[in-house]
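There are 4 protein chains.
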Amino acid sequence: MRDFSVADMDMAPKGKQKLDWAWQYMPVLSSLERRYSGERPFDGVRLAACLHLEAKTACLLRTFARLGAEIFAAGSNPLSTQDDVCAALVSEGVHVFSHRGMDHDSYFGYLRDVLSSDPEIIVDDGADLVATLLDERKDLIGKVKGGSEETTSGVKRLKAMERQGILPFPMISVNDADSKYLFDNRYGTGQSVWDGVMRTTNSLIAGKVVVVAGYGWCGRGVAMRAKALGARVVVTEINPHRAFEALMDGHEVMTMDSAAPLGDIFLTLTGNLDVINARHMDKMKDGVILGNAGHFDVEISKSDLTSIASSVSEVRPNVTCYRTKDGRNIYLLGEGRLVNLAAGDGHPIEIMDLSFALQLLSALHIQRSHGDMESRLYPVPEDIDRLVVSTKLESLGVSLDELSESQKAYMVDWRE
Amino acid sequence: MRDFSVADMDMAPKGKQKLDWAWQYMPVLSSLERRYSGERPFDGVRLAACLHLEAKTACLLRTFARLGAEIFAAGSNPLSTQDDVCAALVSEGVHVFSHRGMDHDSYFGYLRDVLSSDPEIIVDDGADLVATLLDERKDLIGKVKGGSEETTSGVKRLKAMERQGILPFPMISVNDADSKYLFDNRYGTGQSVWDGVMRTTNSLIAGKVVVVAGYGWCGRGVAMRAKALGARVVVTEINPHRAFEALMDGHEVMTMDSAAPLGDIFLTLTGNLDVINARHMDKMKDGVILGNAGHFDVEISKSDLTSIASSVSEVRPNVTCYRTKDGRNIYLLGEGRLVNLAAGDGHPIEIMDLSFALQLLSALHIQRSHGDMESRLYPVPEDIDRLVVSTKLESLGVSLDELSESQKAYMVDWRE
Amino acid sequence: MRDFSVADMDMAPKGKQKLDWAWQYMPVLSSLERRYSGERPFDGVRLAACLHLEAKTACLLRTFARLGAEIFAAGSNPLSTQDDVCAALVSEGVHVFSHRGMDHDSYFGYLRDVLSSDPEIIVDDGADLVATLLDERKDLIGKVKGGSEETTSGVKRLKAMERQGILPFPMISVNDADSKYLFDNRYGTGQSVWDGVMRTTNSLIAGKVVVVAGYGWCGRGVAMRAKALGARVVVTEINPHRAFEALMDGHEVMTMDSAAPLGDIFLTLTGNLDVINARHMDKMKDGVILGNAGHFDVEISKSDLTSIASSVSEVRPNVTCYRTKDGRNIYLLGEGRLVNLAAGDGHPIEIMDLSFALQLLSALHIQRSHGDMESRLYPVPEDIDRLVVSTKLESLGVSLDELSESQKAYMVDWRE
Amino acid sequence: MRDFSVADMDMAPKGKQKLDWAWQYMPVLSSLERRYSGERPFDGVRLAACLHLEAKTACLLRTFARLGAEIFAAGSNPLSTQDDVCAALVSEGVHVFSHRGMDHDSYFGYLRDVLSSDPEIIVDDGADLVATLLDERKDLIGKVKGGSEETTSGVKRLKAMERQGILPFPMISVNDADSKYLFDNRYGTGQSVWDGVMRTTNSLIAGKVVVVAGYGWCGRGVAMRAKALGARVVVTEINPHRAFEALMDGHEVMTMDSAAPLGDIFLTLTGNLDVINARHMDKMKDGVILGNAGHFDVEISKSDLTSIASSVSEVRPNVTCYRTKDGRNIYLLGEGRLVNLAAGDGHPIEIMDLSFALQLLSALHIQRSHGDMESRLYPVPEDIDRLVVSTKLESLGVSLDELSESQKAYMVDWRE
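Residue numbers (full-length UniProt numbering), protein chains in the order written: chain B, 1 to 416; chain W, 1 to 416; chain P, 1 to 416; chain E, 1 to 416.
Take the hints with a grain of salt, since some may be wrong.
For identical chains, the list gives no copy identity; a pair is met inside one copy or between any two copies.
[As the list claims (entries may be wrong)] Calculated lysine to any residue pairs in the SDA-like style (CA-CA distance at most 20 Å, straight line): (1) K138 <-> E374; (2) K285 <-> Y25; (3) K285 <-> E394; (4) K302 <-> R415; (5) K302 <-> C321; (6) K408 <-> V298; (7) K138 <-> G93; (8) K227 <-> V209.
Since the hints were derived computationally from the structure, they do not count as laboratory data.
Pulled out of the complex, with its shape left as it was, chain B reads as follows (with noise of 0.2 Å):
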């Protein structure tokens, strides 16, 4: 068992400074760990991660590591991997396995590197930790006490397993915690995918026509955002009730085939495969640009757009051209992947402090209770939800309305 593996520890100094920056707007975070900084509740603890690992993700390993646990953590995307962050994160003692680019073979090594710590715990982005676990590591079966996931995709995946009856612990959804859906998936997503694509094409959204597949909160997150800045937005769904909310809300709403050839900007948000496949490249315009934030880099069909290619080459940070064979330039950013995290720095901050604060104490119930829960998928427990938003909204010296008798009594009664 290898005691980590990161590029270059002598970018540790510039990763803490990365981490300190990142701190500063955690006061969700900050404030559980001066909270629990006596009682250290992991001491002692090994617990597995797989996640994002720049700094934002960085300051909830280190929260895991003062509250005493022993952390293993791989890197969940081989482009969001900040090889400064790592080595700060090493200095710090979290035993880290990652490098930004690594190839499909580094990162499952990666994974059983991290797998083989014996976790008790596990901090899971996108499944891939419990797969792999399933796939080659079903010894761990009985050792692990459970964990948490907090992506949509993976949440998907985790619940496949239950349907099939080897979900092989208790895991916690913290996706579908409403602190973390309705804002991360929401307003993070909305922000930093524009972020990425801005910062990565400097293009004016203004004036250009985005089309938007899928209108999960992600989508209604992303949409949002593009109108706001001036974009016309077009809609692919296969829901007709997300699809009316989107016509709702303004947007036009089409089939991905009918959108093709309107499109500037292509973003997908489905969780599915090949929602962007080559009958649909066939009728783009010469320089539309396409981009994807769903977990998997599976949305744009990378095998089709080589195809349908006569050259491909990377052009600028982040965008890959294919040049097809009818002369058109067809832009890819971020090799398909999440392109707020492969071309940004992923959720800005102020979210990423509620969802990690939700991961904090997922794992904390997962210590503590574990014995009481079975290998099934569960919600975020509501009190735990209650307390990330209201410590929140503590931060910011929000007041709310409190309920007197009267109107307490009023609520559950049907006299009126």
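Please arrange chains W, P and E on chain B, whose structure you already have, making use of the hints.
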């Protein structure tokens, strides 16, 4: 048992013109009417309804009638009843019991009239029919097959009955259907409240401080449109997640005590009572405008308004001026009843088309399946919910994408 | 010379109530009235006005009267005249000549009545008073000191007169003042047009395709609010800069020929004629709604509507249905006259407060300085323009920053 | 006279790639290049430019070069100069004098290098070339045919020279063209400032209090996008009309003294100095972020920041932390220089395409018509302004309506 009781049958032609106008913008309801016109599934069924008796609800009642039902309808609100519409319904064979401006005693008298029809199906709005039945007509329990309820407030009451074990028959909560709450409560209320405020006051919304009490679906809609009309929006809430969502949407959040001295226009959408009371009124500016968009006229305390007033007068249609003892004018719209109904025409037609299609199909579900249902509160069956919005999209010519076989497989698989 | 001519003096009390409501939301006009009430600068001055005779303009006329003027007022539009307001004005000593629904001949008869007062100052709206004077009362040239004009359309006509060298006396173009066009044309029209459309039709705006003809200040306002209410906005223009601005604001731009088959609601704000004509009407969908918000009822060709119709009928207040020979319904709002006045209460009170303050001070400027003025079209003097908006800000308690001495010096220096 | 001075010629290939990316999104400039490529109207003309030396301006310089000009170019800002772009330009024959991070002395040295070319035409940005010529190279007066100026700040300086009677040759104010200020200052600055802030800080904008100093076209754009991103916007102004416009747009307006303790992010766009000074800094919260988007780095007083600081350090790229003596962190972005250029890529490409097309055609106008021009500040000729935006619309496939003969006649007639 009376046959009907309305203000003036001579008004029927004008009422009919109103119905015809609404009908042409109701593609979903008219599509369903065509679909079931051969079968006449309600043939001979006695149906008791308590609804806002204006043009759009009249279209629902007319459709029930055309599909065979014998209908007994009371108005759910003295200010929303339109006498011409009532007359038109009577001329089409509906037994209507209501008149605009009816007092409390007349209102309950009419409910009794309606219940005296020995109804089989109940279409309720605010749960007053069910509550009156529980109080006065327990003999009907066992005869009624079931019913549906339209509003958040009514569902709250039915839930209270269910908790107490006294809900007398199966009720379907139309309010919780996706085709209802996503659209009616947000876009319907969002638009119609401002329509009502603007036409009643001729006030400029831009630059005003608008205080929105409650950030549920109705409150979100009203706040969204206030901001869109150029107002500065202040939200008051008791729920921290909703409060934080309001902040993320760019609104300010504070207690009503803090908001009271800032606001120019106050709108309540909480479903609770005394949300604005004397303590707040004491701090308000001269010339403020108060309106309620919750179901009942209890959110703004009218007794508190009266107690702080030195004089009360009607200064414009639907505007009551409470002159305070310290010389300020506080204006109450529509007597504190639903401002979009009391001082406007209620929700836009296209929105009610969806809600009424749900009502129609829910009643049909009760009619067909009541034998298999318990005395519980049921959600709208998913296939009904989906049919309604799909019919709407079809009427707009909007097409959706469909999942390919490989995409379907991907969605239920946990291996990437 | 008649003293006055209105529909019904018994309506005066109701009219007075309307004036009182408006007055309390007019801090600028009331502040000016207080300021000049000692001096009475218009004592004995005969003033002829042609204005929309509703509550707000009535406040302007009342202020002129309280400052000493003898006023002769005609209504500028048959559908905007409110008979109760006319009666109230007469009861306060204003000579009013108008009635709601007046025909073309009555209208010009009233203008002649007003001009028969031998006026010294003219307050015009659409330039009809000046045009009639030029056509029929050239004897008044030399007696009139000057006047002011409120609308874009009127200013266009006065400019034509100026180009032809026949403008008979100095006129101040109130329309071009910053305190007018920035606010009245954009926020005033933007809100009031939608108020008028919503109350008249009960249509949902969200999800509709709204076609806005003309992207001047009025069109910008109407398009901005349409988008804010959830519509998809299509703009038609003849000016490339405005067209591009519309694109940048997230709207679509196309010719009216292309827009005709797409639109659900069409609004004209061009100041030109036949903007929507038979060629476009032929392509429109069943059930479309047409409204005009330009000054004159010429933008939508009513003769073309009539020529393509097999029947014409009033189906709702302010809604005329043109049933086309091929079986479609095309609805025209307010007979093609200004939809916010014909089918609503016109601009919000607070907006008109600014415009009327400009009118008052412009008339005062004419009164005092006409000896130094030529028969030209003048802008509102800058100090008046500034005084008006500063008084408004003061009434709102808003403070501005002030330049320090070093900042003033920096602004006029070219060395850094 | 040196031939060129750049940091590293090896960076040319990377710079060329940047130019190629920008070029494909510049349909107007490329259309003009094609149009004049046969004629080569600048053949042998010596042109001195002071511009932000990044990819887009480089495209303008390249177009000048391809149309025959001999170009001498200095960078207008030490932080906006991109060394790879400079190298690429040199490789295409442009004489470039700049390097990223140049100090004050180098900067003026480079201006002198450029002026030593004996230029015939000047393309200025901030008026530094003209000011230096006036100070040091009066001998060039009479040789220079004229020039153009891009920025609001530069135009302000040229106006000061004109008032003093020392403007040495005709200058065209590109900034005041409709194709420039309507789009560049509003949509360009509006987007790029937020691109710069987001990428530099990773801060969430939603829910933040953003203070915008100055509500000119740039300020309007920045405030509009801030609101669109979910912020609460506070505007400070010295002009009452602008202040009221900000209120109507839904923002709050107050003095900087009042805004200082409320803001999370402060952005200055006034064109003046010391807009944020020690008096304000003393009241700010811990962790506030300050950025400037006016032309010069004088709007936020850096000397005041230094004087209240106990330590100063660079904590992230383009973020300087001023640690105050009372323990707060105040962060300054991009050393107080234009945040969208110092900490981003400047305006979006499509916006600059319009501005540069104006520059190109203005220089052409000078070249052809300077004999008929005086030493004054000229607006961009209207036909140029119109040609630029029409070419843009054409590239987008957007069609406009055209006036019919009867409509043209109507527009110049005063009879209805």
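Results for each hint:
1. K138 <-> E374: within (17 Å within a copy, 46 Å between copies)
2. K285 <-> Y25: Cα proximity of K285 and Y25: across copies only (13 Å, versus 42 Å in one copy).
3. K285 <-> E394: Classified as between: cross-chain Cα gap 16 Å, same-chain 49 Å, threshold 20 Å.
4. K302 <-> R415: Between copies only: 19 Å across, 61 Å inside.
5. K302 <-> C321: within (12 Å within a copy, 43 Å between copies)
6. K408 <-> V298: between (49 Å within a copy, 14 Å between copies)
7. K138 <-> G93: Neither way: K138 and G93 sit 28 Å apart in one copy and 66 Å across, limit 20 Å.
8. K227 <-> V209: Both, since 10 Å and 16 Å are each at most 20 Å.
Taken one by one, the earlier hints fail for this structure only at number 7.
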